[in-house]
Amino acid sequence: MRFILRAVLLLVLLALVLSLPSFASSYYLGLVIKIMIYALFALSLQLLVGCTGLVSLGHSAFFGIAAYFVTLLSPESGAGNMLWLLPGAMLAAMGYAVVTGALALRTKGIYFIMVTLAFAQMAYYVFHDTALGGGTDGIYLYFRPEIRLGDWVVLNIDNQFVFYVFTLACLLLTWAFLALLMRSRFGAALTGIRVNEQRMRAAGFSTFKYKLIAYVIGCGLAGVAGFLYAAKDGYVNPELLAWEQSGLVLLMVILGGMGRLWGAVLGAVALTLLQELFQSHALFGEFASRWHLTFGLAIIALVAVLPQGLAGLPEQLRNRRRSKSISPASAQ
Amino acid sequence: MTQTLLSAQHITRRFGGLTAIDNVSLELKRGAVHAVIGTNGAGKSTLVSVLSGELAPNEGTIHMNQQNITDWPQPRRARAGLGRSYQRTTIFPSLTVHENCRLTAQANHQHFWSWTPTSRCLKSNEAADRALELAGLSGFGDQIAGLLSHGGKRQLEIAMSLSTHPSVLLLDEPLAGMGSEETDRMLNLLASLKSEHAILLVEHDMDAVFRISDEITVMVNGAVIAHGDPASIKANPLVQTAYLGDDE
Amino acid sequence: MTTLIEASGLHTYYGASHVLHGIDLRIEAGESIGLLGRNGMGKTTLIRTVMGHLAPAQGKIVIRGRDNTRAQPHQIARQGVAYVPEGRGIFPNLDVRENLLVAARPGYKGRKDWTYQRVLDTFPRLTERLGHGGQQLSGGEQQMLAIGRALMTNPDILILDEATEGLAPLIINEIWRIIEAIRDTGVATLIVDRNYRKVLTHTDRCVVLEKGKVVEQRDSPTLASQTELLTRYLGV
Amino acid sequence: AVKVGFMLPYSGTYAKLGEAIENGFKLYVQEQGGKLAGQEIEYYKVDDESNPSKGPENANRLIKRDGVDILVGTVHSGVAMALAKAANDSDTTLIIPNAGADAITGPLCSKNVFRSSFSNWQPGYAMGVVAADEGFKTAVTISWNYAAGKESTDGFKESFEKGGGKVVKHLTLPFPNVEFQPLLTEIASIKPDAVYTFFAGGGAVKFVQDYAAAGLKDSIPLLGAGFLTDGTLEAQGESAQGLQTTLHYADGLDTPRDNQFREDYIKNFPQLPPDVYAVQGYDAAQMLDAGLKAVNGDVSKKDEMRTAIRSAKIDSPRGEFTLSKAGNPVQDMYLRKVEGDKNQFVKIAVEKLADPARGCKL
Amino acid sequence: MDPAILLIQCLNAVQYGLLLFLVASGLTLIFGIMGIINLAHGSFYMIGAYMAFALQPLVAQYLGGGFVITVLVCVVLATVLGYFLEWAFYSYLYTREHLQQVLMTYGLILVFEELRSIIVGNDVHGVPVPSWLNGSVALGDVMTYPVYRLFISAVCILIALLMFWVLNRTRLGMMIRAGASNREMINSLGIDINRLFRIVFAIGVALAALAGAIAAPVSSVYPGMGNAVLIICFVVVVIGGIGSIKGAFLAAMLVGFVDTFGQVFFPAAAGVMVYLLMAAILLFKPEGLFKH
Ligand SMILES: Nc1ncnc2c1ncn2[C@@H]1O[C@H](COP(=O)(O)OP(=O)(O)OP(=O)(O)O)[C@@H](O)[C@H]1O
Ligand SMILES: Nc1ncnc2c1ncn2[C@@H]1O[C@H](COP(=O)(O)OP(=O)(O)OP(=O)(O)O)[C@@H](O)[C@H]1O
Ligand SMILES: [Mg+2]
Ligand SMILES: [Mg+2]
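Residue numbers (the working numbering), protein chains in the order written: chain A, 3 to 334; chain B, 38 to 285; chain C, 474 to 709; chain D, 10 to 371; chain E, 2 to 293.
By construction, these hints were calculated from the structure, which means they are not laboratory data. Heads up, a few of these hints could be off.
For lysine-lysine, the following DSBU-like pairs were computed, each having C-alpha atoms within a straight-line distance of at most 30 Å [unchecked claim]:
hint, chain 1, residue 1, chain 2, residue 2
1, D, LYS171, D, LYS146
2, E, LYS286, A, LYS110
3, D, LYS356, D, LYS166
4, E, LYS247, A, LYS110
5, C, LYS686, C, LYS671
6, D, LYS120, D, LYS302
7, A, LYS211, E, LYS292
8, D, LYS334, D, LYS171
9, D, LYS146, D, LYS166
10, A, LYS211, E, LYS286
11, B, LYS271, C, LYS671
12, D, LYS178, D, LYS166
13, B, LYS160, A, LYS211
14, D, LYS35, D, LYS302
15, D, LYS175, D, LYS226
16, E, LYS292, A, LYS110
Assemble the whole structure, with the sequences as input and the hints as a guide.
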């Protein structure tokens with residue numbers, strides 16, 4: 003019963019998502035694409051933060067490296083081939099992740115946060131201070147990569163709708179992949195490591211290996227998001243690697259709810275839409291240019307009422323209802 | 038059958054200026070419970086950590102099944118059959134009791150690219166069930182581990198150590214916080230495990246120690262002051278003044 | 474004799490799970506009480522409720538005649554209630570000396586029986602470890618520190634939850650001696666310990682809990698002789 | 010009606026500049042009776058936060074969501090790059106009222122992109138000429154390690170060395186660090202004849218203060234691109250007095266056109282001084298007006314409109330200017346000197362200075 | 002390099018390091034010791050600086066005081082603000098997941114920054130150096146060194162010593178550290194942890210504001226100034242080892258030296274030098290220089 007309900011819900015959702023381009027303007031389609039890219043990005047971080055307990059404040063580095071990778075290696079006069087650009091971008095991100103991850107994982111907790119930040123800042127300054135990627139001005143990607151076999155163009159994502167579907171597919175694949183991963187033994191081990199690493203080692207798990215693999219996978223997926231981002235706007239800038247960007251995606255994960263995959267997606271949707279909402283002159287008039295204020299207050303309010311993030315809301319309500327039915331007793 | 042599974046020679050471990058373990062040697066044999074007792078701060082927990090690979094010794098070597106494992110990291114030793122429990126409870130409070138054990142049991146089935154959901158991993162489910170049963174927690178499988186009472190958590194701690202089918206068990210005060218009933222059950226369990234395992238038992242409960250152990254090592258201030266069978270230890274005046282006291 | 478603590482009709486929940494089912498407990502000044510019961514029967518929960526760490530859903534806690542049901546733990550502590558928790562609660566980032574000194578305060582009505590020096594004299598082992606961080610202590614050392622720290626508050630009642638857990642027999646005897654000494658100074662004690670025989674010998678009265686209810690309450694010597702009761706409730 | 014989209018910083022460091030630009034633009038439209046070429050002007054606004062990584066989407070808010078005909082923006086070079094890309098992709102006409110990135114009217118120049126301000130190269134080049142004229146032989150350049158700084162100091166170097174001087178060292182510090190002390194010590198140890206610098210906003214204030222506090226101001230003249238002392242004089246106070254900068258605008262130009270502009274501006278926006286940013290906004294509106302007039306307000310005739318803008322002669326408060334092929338003003342660069350709270354006009358440093366537009370294929 | 006110049010650069014490094022410590026001091030308390038990840042710390046710094054700017058005329062007019070009175074007024078107001086904020090926003094976060102604090106303090110940054118824009122505007126403003134500190138000393142033949150910077154250094158050293166003393170030598174310090182590691186236990190010992198933490202938080206805010214107010218004459222006040230110092234403050238606290246004043250002080254010095262000489266000797270890599278330093282230190286000492 004529950005399963006059928008879910009399946010129907012899913013189908014309706016899917017139909018809605020697929021028909022979106024027919025009624026949304028190209029701007030809103032773009033907005034949805036952006037949300038999906040951030041959702042993918044947040045998902046990749048959720049694997050680290052929520053699932054493995056590796057709070058990284060340097061995740062934007064991998065996003066940015068992949069974005070720069072496609073942009074720098076795409077030909078200027080025609081579309082590049084996604085068949086190697088996408089894996090290449092992922093590999094570039096993963097390569098940096100292997101090196102920095104192996105080092106950063108020697109530390110724990112807040113120190114890990116800061117070391118990841120440090121490595122991200124290093125990457126940031128490479129693009130910011132050298133001419134490699136056009137310096138602070140950034141560089142353009144003139145043509146979205148396409149899938150090409152020999153001379154046969156299998157998929158061209160130039161069209162906004164195609165790009166939309168392509169992004170959606172990437173998001174869903176990533177989501178499904180992570181969901182499977184977390185249900186597998188590997189995922190269970192990650193959960194164990196998050197909760198109590200000492201015990202996992204005592205049981206016989208080489209936790210370092212697990213963490214490193216999770217880290218590299220997460221960073222590779224961030225690379226996918228970076229690839230899509232570069233393809234979406236065709237413009238990359240060092241600010242893509244800035245710590246503010248890492249902070250933003252971390253906020254998405256926290257707001258959405260840690261440890262639950264769909265929390266990351268919810269967080270990305272919520273944070274992006276809130277920004278959009280408060281910046282809307284149509285709704286807020288002149289006050290829209292003071293959107294930082296409303297946005298900030300909204301975040302504070304959300305933290306206040308959602309101790310477990312958006313994804314924890316149903317559980318929270320359930321608990322509330324239950325504890326109402328019996329007389330309440332709260333631990334302090 | 039007395040086969041030596043684990044032997045440690047001349048282990049020394051220092052923390053800064055403090056020598057927590059001072060030239061300690063001991064052997065763990067299949068079929069025997071080897072108790073390590075000693076004053077508080079004698080270095081017993083440190084010894085367990087050194088044997089299990091959590092801490093590196095400053096000096097000395099450790100052999101397991103005739104292999105030199107001194108340089109092996111802890112997970113590798115664990116996979117080779119070395120299990121330990123902790124003096125301070127280290128469980129996964131957010132998971133259920135059964136999941137706790139299943140998770141540790143999976144250490145024996147780490148196939149990276151196996152994608153079956155954990156809940157359907159038969160072998161580890163079985164191992165978990167068995168371990169819970171042994172530790173006397175079979176009815177509690179679905180309870181959230183963090184909500185167990187202190188004693189319950191201690192039992193779970195043991196169950197988790199057992200779930201990986203270790204051949205050598207290092208138990209750091211497994212009876213602490215357990216009621217008499219559970220203590221009894223635990224001792225019976227140890228007695229039944231003895232035939233297949235080599236067991237190192239760190240414990241302050243002297244009744245239990247003298248009841249179950251075959252061999253006792255007494256440590257004071259990092260050094261071994263006595264070693265022998267329970268009767269001789271009980272009679273040893275040195276041990277009495279340093280550790281046992283003149284209990285009624 | 475005046476009544477120090479009087480708890481009546483306590484019901485305590487953890488979220489949805491109902492743990493204490495209407496417990497009454499009275500402690501007179503200077504009295505020594507043992508709390509017995511199997512694992513998970515609610516001993517710790519009762520203590521934490523009395524200490525103000527858990528809010529009872531129903532019931533009343535009265536200390537020295539004043540209602541303290543909704544009082545914060547620090548307010549309870551300031552009325553002369555000292556607590557040595559299960560698991561000790563040592564401050565890992567403070568050294569031994571600081572762990573003791575941070576707790577120092579005159580007791581109710583300015584009592585000052587326990588000085589830093591007296592505590593150290595009581596636990597010579599701690600004297601050797603003064604500069605060590607709380608985290609570096611062995612289990613037994615930590616336990617001693619926790620008791621010493623509780624004494625630094627010059628309490629009228631000392632609540633000991635599994636105070637001898639993980640201690641060497643020698644030390645355990647020492648601790649029972651100290652408990653006895655504390656009793657002699659007129660400090661009330663509330664003791665939870667799995668060694669029920671020791672509890673019975675070192676207390677005036679014992680309360681037996683089962684599933685969050687008081688099922689038995691007698692003079693310790695009387696209870697000690699009732700083997701079949703003990704077997705029923707404690708499984709011995 | 011013609012839809013004009015402002016993509017400007019309304020928050021953060023550059024918020025004030027955004028405001029001035031918008032004011033300037035609106036002032037011109039108001040002077041024309043609220044209409045350009047007979048068309049009502051509808052405004053749309055987006056806060057670009059001076060964040061390039063949000064640039065493309067912010068640009069698309071205006072282009073795609075609001076469907077604007079003309080884009081006006083922005084201050085930050087990186088954001089302007091994003092804006093230019095979005096404008097190119099959608100073939101929207103863009104007028105840049107400040108950002109000076111050389112590339113926009115260089116290798117990335119495009120038929121639909123114009124600038125009413127300057128290229129980073131221009132003030133630097135002008136100052137190089139002045140410095141060489143004054144007989145300085147050696148100079149040190151200093152800026153943040155970012156594109157704008159590099160472009161400006163390169164401009165200076167080009168003309169200064171052409172004039173026989175030598176830039177002995179280019180000092181940089183990471184953006185947005187403001188701990189200048191080590192570099193000031195470097196300067197003191199090199200003892201050049203002059204220092205040329207490119208800083209703006211808070212960094213400019215601090216640099217000028219630190220430079221004076223380190224006692225260098227009296228021994229080594231400090232030269233700069235005009236932003237060093239524009240909108241920052243109140244904060245810089247005494248330490249800025251006498252500094253020489255080059256820019257395409259100055260106080261005390263004393264032309265009827267400029268006096269009129271200033272009077273009107275102060276009347277309309279009493280709380281803000283008429284500054285170079287207001288002029289740039291004002292001229293952006295003039296450029297748009299020139300284009301719209303040529304097509305009688307029909308914005309769909311994009312090519313004609315753009316050709317008209319490109320060939321227009323703008324009667325700016327700063328003095329008349331035309332646009333180069335690449336869309337950048339060909340304008341007089343002024344040497345100014347700080348006197349009180351004014352960047353007082355001294356002389357024309359270079360007449361009709363055109364950006365070389367290196368790499369532009371138009 | 003000429004030895005005199007080298008010496009001056011060392012002075013610059015020390016001075017910068019001290020300034021960093023001053024800004025990071027409040028963070029050491031709030032983040033390092035209480036364990037609250039407070040992103041809004043930079044905002045408190047900004048608020049201090051803007052208060053110094055905005056209150057100066059008012060103080061002169063109504064209290065007839067100069068710079069010192071202004072700074073004192075800033076500190077008092079900041080303490081009140083901190084006390085209020087802890088009560089209103091932070092107090093209910095202690096029992097939550099640590100990262101929730103990140104989210105909320107991020108919200109606070111936005112609010113503070115926008116309020117600043119609404120109240121004071123977006124201009125850059127200078128804050129005059131008090132006249133009695135307005136001199137300078139000659140260094141070498143062309144350079145001079147402002148007395149005010151020496152004054153800042155003196156204040157930094159004073160604060161460092163004071164903090165060290167309070168935290169390590171006084172009972173208040175013990176209570177703070179104890180409360181940071183186990184709130185429930187310190188509560189059981191009769192100490193009102195909520196009030197204690199509220200006070201400590203307020204002191205942390207006051208320190209940040211003090212740093213802002215004192216640094217204002219050399220840094221001027223400008224939009225976004227708070228966020229610019231935020232990350233470097235965290236770097237300082239973390240390099241030093243969380244919870245260690247001594248460590249934070251040393252780390253600030255190290256960062257000062259690395260940054261100064263990085264700019265001089267490796268200008269191309271100046272941006273990454275500090276981060277390289279942090280990464281290197283944490284890789285060899287995974288818990289900072291002085292772990293607690
Ligand atoms: N990480 C550490 N750093 C410094 N000293 C330590 C550390 N761990 C333990 N010690 C010290 O080493 C000594 C031995 O400690 P250990 O925990 O092994 O004792 P133990 O025999 O298990 O005592 P108990 O029976 O009380 O648990 C103690 O004095 C303790 O203070
Ligand atoms: N934090 C908690 N949340 C929910 N339930 C809890 C929690 N702590 C304890 N319980 C439950 O409350 C009951 C009483 O626990 P309590 O710790 O009071 O028992 P106890 O008598 O002290 O046992 P022990 O001798 O093992 O310490 C147990 O069933 C336990 O599972
Ligand atoms: Mg031990
Ligand atoms: Mg208990």
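**Report entry** Enumerated hints in conflict with the structure, sorted upward
**Finding:** none
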